[in-house]
Amino acid sequence: MTERPVELAFQQVSAALDEIGEEQEKLFLARLVLILSSELGESARVGKAIRRARDGLDLQAE
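By this note's numbering, the letter at position 40 of the sequence shown is numbered 40, and the numbering carries on one by one without gaps.
Wrong hints could be hidden among the right ones.
[To be verified] Listed next, with one range per pair, are the computed distances between beta-carbon atoms:
#, residue 1, residue 2, range
1, LEU8, ARG31, 15 to 21 Å
2, GLY41, GLU19, 25 to 31 Å
3, SER37, LEU17, 29 to 35 Å
4, GLY41, GLY21, 28 to 34 Å
5, LEU40, ALA16, 15 to 21 Å
6, GLU22, ALA44, 19 to 25 Å
Keep in mind the hints are simulated off the structure, nothing from the lab. We put the CB at the ideal spot given by N, CA and C, even for glycine.
Using the sequences and the accompanying hints, generate a full structural model.
Given below as structure tokens:
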């Protein structure tokens, strides 16, 4: 995925999160991951993507 599609995906996810509200945020993100995992169909790539997402967070702030 090039920079432009990543930016577009970020904007779409951000807009969806704004629409659904904070109460449904975790459920939405979990469902999104499961749906995308199913579409991708490769568990090793899914695991790698999850690790990349987790590693990009500032976990000390929590």
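Against the structure, the hints come out as follows:
Distance hint for LEU8 and ARG31: a CB-CB separation of about 20 Å, consistent with the stated range 15 to 21 Å. At roughly 28 Å, the beta-carbon separation of GLY41 and GLU19 lies within the given 25 to 31 Å, and the hint holds. Against the hinted window of 29 to 35 Å, the Cβ-Cβ separation of SER37 and LEU17 comes to about 19 Å, which falls outside the hint. For the pair GLY41 and GLY21, the beta carbons lie near 31 Å from each other, so the given range of 28 to 34 Å is met.
Judged by the Cβ atoms, the range 15 to 21 Å given for LEU40 and ALA16 holds: they are separated by roughly 19 Å. GLU22 and ALA44 have their C-beta atoms about 32 Å apart, which leaves the hinted 19 to 25 Å range violated.
In summary, the structure is inconsistent with hints 3 and 6 from the numbered list given earlier, while agreeing with the others.
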